[in-house]
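Engineer: Generate the whole structure from the sequences, applying the supplied hints.
Number of protein chains: 2
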Amino acid sequence: MLRTHTCGELRLTDDNTTATLCGWVQTIRDKGGVLWIDLRDRYGITQLLLEDGQTSAELFAISRSLGREFVLKATGTVIERKSKNPNIPTGDIELKVTSLEILNPAKVPPFLIEDETDGGDDIRMKYRYLDLRRNPVRRNLELRHRMAQQTRVYMDGQDFIEVETPVLIKSTPEGARDFVVPSRMNPGEFYALPQSPQTFKQLLMVSGFDRYYQIVKCFRDEDLRADRQPEFTQIDCEMSFVEQEDILNMFEGLVRHLFKAVKGIDMAEVPRMTYADAMNRYGSDKPDTRFGMEFIELKGTFDTIDMTSGKGFSVFDSAELVVGINAPGCAHYTRKQLDELTDWLKRPQIGAKGLIYLRYNEDGTLKSSVDKFYSEADLKAWAAHFGARPGDLMLIVSGDCGKARKQLSELRLEMGSRLGLRDPSVFSALWVLDFPLLEYGEEDSRWFAMHHPFTSPKPEDIPLLDTDLGSVRANAYDLVINGTEVGGGSIRIFNRDLQARMFSILGFSDEEAKAQFGFLMDAFEFGAPPHGGIAFGFDRLCSLFGGADSIRDFIAFPKNNSGRDIMIDSPSPISQAQLNELKIATVAK
Amino acid sequence: MLRTHTCGELRLTDDNTTATLCGWVQTIRDKGGVLWIDLRDRYGITQLLLEDGQTSAELFAISRSLGREFVLKATGTVIERKSKNPNIPTGDIELKVTSLEILNPAKVPPFLIEDETDGGDDIRMKYRYLDLRRNPVRRNLELRHRMAQQTRVYMDGQDFIEVETPVLIKSTPEGARDFVVPSRMNPGEFYALPQSPQTFKQLLMVSGFDRYYQIVKCFRDEDLRADRQPEFTQIDCEMSFVEQEDILNMFEGLVRHLFKAVKGIDMAEVPRMTYADAMNRYGSDKPDTRFGMEFIELKGTFDTIDMTSGKGFSVFDSAELVVGINAPGCAHYTRKQLDELTDWLKRPQIGAKGLIYLRYNEDGTLKSSVDKFYSEADLKAWAAHFGARPGDLMLIVSGDCGKARKQLSELRLEMGSRLGLRDPSVFSALWVLDFPLLEYGEEDSRWFAMHHPFTSPKPEDIPLLDTDLGSVRANAYDLVINGTEVGGGSIRIFNRDLQARMFSILGFSDEEAKAQFGFLMDAFEFGAPPHGGIAFGFDRLCSLFGGADSIRDFIAFPKNNSGRDIMIDSPSPISQAQLNELKIATVAK
Chain F
200 MLRTHTCGEL RLTDDNTTAT LCGWVQTIRD KGGVLWIDLR DRYGITQLLL EDGQTSAELF
260 AISRSLGREF VLKATGTVIE RKSKNPNIPT GDIELKVTSL EILNPAKVPP FLIEDETDGG
320 DDIRMKYRYL DLRRNPVRRN LELRHRMAQQ TRVYMDGQDF IEVETPVLIK STPEGARDFV
380 VPSRMNPGEF YALPQSPQTF KQLLMVSGFD RYYQIVKCFR DEDLRADRQP EFTQIDCEMS
440 FVEQEDILNM FEGLVRHLFK AVKGIDMAEV PRMTYADAMN RYGSDKPDTR FGMEFIELKG
500 TFDTIDMTSG KGFSVFDSAE LVVGINAPGC AHYTRKQLDE LTDWLKRPQI GAKGLIYLRY
560 NEDGTLKSSV DKFYSEADLK AWAAHFGARP GDLMLIVSGD CGKARKQLSE LRLEMGSRLG
620 LRDPSVFSAL WVLDFPLLEY GEEDSRWFAM HHPFTSPKPE DIPLLDTDLG SVRANAYDLV
680 INGTEVGGGS IRIFNRDLQA RMFSILGFSD EEAKAQFGFL MDAFEFGAPP HGGIAFGFDR
740 LCSLFGGADS IRDFIAFPKN NSGRDIMIDS PSPISQAQLN ELKIATVAK
Chain E
200 MLRTHTCGEL RLTDDNTTAT LCGWVQTIRD KGGVLWIDLR DRYGITQLLL EDGQTSAELF
260 AISRSLGREF VLKATGTVIE RKSKNPNIPT GDIELKVTSL EILNPAKVPP FLIEDETDGG
320 DDIRMKYRYL DLRRNPVRRN LELRHRMAQQ TRVYMDGQDF IEVETPVLIK STPEGARDFV
380 VPSRMNPGEF YALPQSPQTF KQLLMVSGFD RYYQIVKCFR DEDLRADRQP EFTQIDCEMS
440 FVEQEDILNM FEGLVRHLFK AVKGIDMAEV PRMTYADAMN RYGSDKPDTR FGMEFIELKG
500 TFDTIDMTSG KGFSVFDSAE LVVGINAPGC AHYTRKQLDE LTDWLKRPQI GAKGLIYLRY
560 NEDGTLKSSV DKFYSEADLK AWAAHFGARP GDLMLIVSGD CGKARKQLSE LRLEMGSRLG
620 LRDPSVFSAL WVLDFPLLEY GEEDSRWFAM HHPFTSPKPE DIPLLDTDLG SVRANAYDLV
680 INGTEVGGGS IRIFNRDLQA RMFSILGFSD EEAKAQFGFL MDAFEFGAPP HGGIAFGFDR
740 LCSLFGGADS IRDFIAFPKN NSGRDIMIDS PSPISQAQLN ELKIATVAK
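Going down the list, the sequences are from chains F and E. Going by this note's numbering, the first residue of the first sequence is number 200, and it counts up by one from there. Going by this note's numbering, the first residue of the second sequence is number 200, and it counts up by one from there.
Hints are supplied without guarantee of correctness; some may be wrong.
You can't tell identical chains apart in this list, so a pair holds if it fits in one copy or across any two.
Claimed, not checked - Below, in silico cross-link-like pairs of lysine-lysine (DSSO-like), each with a Cα-Cα straight-line distance of 30 Å or less:
(1) Lys713 x Lys782
(2) Lys579 x Lys459
(3) Lys657 x Lys281
(4) Lys657 x Lys272
(5) Lys498 x Lys295
(6) Lys306 x Lys713
(7) Lys306 x Lys657
(8) Lys485 x Lys545
(9) Lys713 x Lys325
(10) Lys782 x Lys325
(11) Lys230 x Lys552
(12) Lys545 x Lys782
(13) Lys571 x Lys657
Note that these hints are calculated values from the structure, not bench results.
Structural biologist: Structure follows, in structure tokens:
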């Protein structure tokens, strides 16, 4: 090794020993007679000292030629610092330099390599290798490393076998769009990159592997949103001879282990809620349960109440659902603030038609935007129904069930944020259960699998497959933390006939089902065990643990929203010779 | 869980307890009044017992409807076996069945699910999920799992950080052929799948990550040989502030750890040999050192000897090299056997023009195919030079250095196999050092990087870059075990100018170098540390540890020699809609 120690290692107990360090110049302070260099590596920072009368003129000259981010090799004697720095572990000592070698000079970086940088997104992405030098970014990847390690510790301890499934697989039309790979050896044919190893992990169960896991790259060619990446990583798991309860317990165990091992947090038992309940109480199948502010219906299906009809307010009269939340302590909102909130809710992304408020003033009086329709007694009854107290603000939307709930869910999250109830260092987990098996796609006029086509219906709901597809519940579950779906899975179909029926419901002809998933249905005929599993979004889980919103900060070399890696400038054109070999051509845009 | 125990778990200490097992029917023995079922899962086999007078007629009826590979759930009482089976851990007990449920029936498998199967390669690949049920195949993947686990244990313990590098990267013309992925969002442009994460791991060193590793899928679109796969797995590693010696020690440590942890073998210190020595002594840069039979030159460059010229044998007179091996105890080879060996060596794959033998008979006389040219004194001198003893057989080839060594290397391996000197349970490792930096490609009339373009020349050989490219040695090393290259790496170039010069030597124009590797050369200007690394072929390492020749047996879902997965029938055509979205077209074959 070019060094004897790292830059995070020396202590007062090393006093008077000789050490050689390698690292990057973080800062130089030149006081004329004394010159200090902060030398940085992954492990920390150590102060180098050059002193008039003690250090040769030659070393001073070298030091004065240095710039930020130069790579140095410095040898010297460890001495106690006169002025100690209690903020860093090496703060008690410094290295009195006796030799100094520039291993590599550095041009001035295009942005500051500091915790707070002056570089914008684009420049930091182009020079991602410099951005990765910054402590917060490096710490994110160190967190990710620990998360992966600890995931394996837990899974290995539970007898799961890590099996690598193939990356070059087969394109299937169900689900998101595939990335495809032309096959040179099989002209005109293509591999696809896996959106998940779903069918392979099920085959491993048919093979008797019993417990499988993998931390694995998956791929989806979707138009990218802020927190989507074309390649992403899953913790992918499957177990045999299990029921839903077994999966919930096993993977609640994983998440609790990760919280304990990585963050030192003892996580409470994870509560459970049905999909129907989550939609009624939070308007979302991934509610943020760090705070309450649950939905209260003034007119609705939830508790069959109607406190709004027949008073001449046609908006409510014609609405399927009138539902609101009580924002505690928000009665002080001005008319202007309420208008802004209304405008926020009416943006196309949310699409509400309006927002009704009921303000419970500190003096006990009530004020509402609809008080010309409703008497004070009506409004008092509403406030009581909301459980509101003086100083609170009730926010109410109406319309058809689906839309109203979705809008109010957004408003609830917004109010939670405004009230500081969404602290990223607080973690609230929830199992959401009993998802619908199918959802109807209006655009395509057909049924889609809400989870995927391999999810089993609840046995007691199988008769509904003949009569009421929308009511069939799935043996499917999501793990939600802080309003983010971090994992989801299901008990699978393991019977050929039921699987074939499922494909038929999803609009596959027998031939299509056989061509695309024949191997799986065949496998079910050779002794397939009952099985189920789950997959966690690893990037998302890491960002959640790191208290960040974007997964991009937890990926070493992410792509931008156009799917480009601007550092390596990819994707890029390939040569005509490559196209010829692959027997493909590009088509004019 | 549907079971209380696995099929490998119950012991005599569980006597008289109730247990529920799940698994597959391995065998059924029906003796009329008594019926035994061997129930199998990943963990073992447990014998189920049904007995007249003790077991209900209904259970007997169910049992008699069973076939091989049916999936069962069986509950019963653990009892001591009358006739114990010492060959299996559960052999002292059996489960006296009180209830039996068929979880899933099974069609008759297309081949026997036994250690020795009757299924050919093709049928086993088509039904890979059944092949994976066989103990030897499952054990291979369990070995792979342990290898991965123990690799991580070692690397984590040495402060390496696991970082995931991207799979969708950029196509570069150097090296093997890339698999490419058309970008829908960037029409006319393509990603490439990585042949290795080489540039990314170097960038991580520039980022100061100091020690990186990853067990990672890589991809090469090559015409497949028996033991190549289009997707394969590497243990990929890189370290900063190191010299070659540090890498050798660190990764010799990894291999020794794996041998100890996975196979219980204390591995001797790994000897080292230069490339030049390996070529001279074994005719190969990956010699199998489980046995000696080293090359002895009768005329050559190695020890500047010439014991063959001027005796009228023009084949040797005109040869650059006359070189042989001494096969101990093979003097009994008949003329017919020698002719067969000669024919074997003359096959196009090896391409020798002939084979000269010198037989040292047990009675001390010598017999050679060239004894009309050479006197008994000549032949005696040869035999002495070979260190041969009565009963030995010397096998000699001649020609130009490169070809003769290659041919004799093949012959040496063949003789080693015939003599039983290549026991797969014996492991002999070797570091091969000081590889040439460049090799001349006659076909393309240009120099190629022997390792890759990022490998640094030995500092003392840098002046030779101006005068004698073929003599420049690289800071590159391979780890060879039993004649297989299991890992290779190098100390990297970390200086922009030297890297640019290397690209220029390899025939890149400045523009090409900048377009393809500009990001890396840029990175070298912002403070790149000295660094180096290594990558191990993980599939190969697993097959070596498993004592097998083919990597395919250590991959869960391998592809065949045409790059096809015949189980899922991939690659396959994709829809015109997909092609349209990607703005590509297939071209007639």
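Engineer: Each hint should be assessed against the structure and marked as holding or not.
Structural biologist: Now for the hints, and whether the structure bears them out:
Taking the closest pair of Cα atoms, Lys713 and Lys782 come within 30 Å of each other both inside a single copy (28 Å) and across two copies (28 Å). Taking the closest pair of Cα atoms, Lys579 and Lys459 never come within 30 Å of each other, the shortest separation being 47 Å inside a single copy and 76 Å across copies. In the homo-oligomer, the alpha carbons of Lys657 and Lys281 never lie at most 30 Å apart, since the shortest distance is 72 Å inside one protomer and 44 Å across protomers. Taking identical chains as interchangeable, the C-alpha atoms of Lys657 and Lys272 lie at most 30 Å apart only when they sit on different chains, with a minimum of 20 Å there against 65 Å within one chain.
In the homo-oligomer, the alpha carbons of Lys498 and Lys295 never lie at most 30 Å apart, since the shortest distance is 77 Å inside one protomer and 61 Å across protomers. For the identical chains of this complex, Lys306 and Lys713 are inter-copy neighbours only, at 18 Å across copies versus 60 Å inside a copy, given an alpha-carbon limit of 30 Å. With identical chains, the CA atoms of Lys306 and Lys657 are at most 30 Å apart between copies only, with a shortest distance of 26 Å across copies and 63 Å within one. Taking the shortest alpha-carbon separations for Lys485 and Lys545, only the intra-copy value of 22 Å comes in at or below 30 Å, while the best inter-copy value is 71 Å.
For the homomeric pair Lys713 and Lys325, the shortest alpha-carbon distance between copies (15 Å) is at most 30 Å, but the shortest distance inside one copy (46 Å) is not. For a Cα distance limit of 30 Å, the shortest separation of Lys782 from Lys325 across copies, 27 Å, qualifies, whereas the shortest one inside one copy, 33 Å, does not. Taking the closest pair of Cα atoms, Lys230 and Lys552 never come within 30 Å of each other, the shortest separation being 66 Å inside a single copy and 78 Å across copies. In the homo-oligomer, the alpha carbons of Lys545 and Lys782 never lie at most 30 Å apart, since the shortest distance is 51 Å inside one protomer and 38 Å across protomers.
For the homomeric pair Lys571 and Lys657, neither the shortest alpha-carbon distance inside one copy (49 Å) nor that between copies (89 Å) is at most 30 Å.
The structure shown violates the earlier hints numbered 2, 3, 5, 11, 12 and 13.
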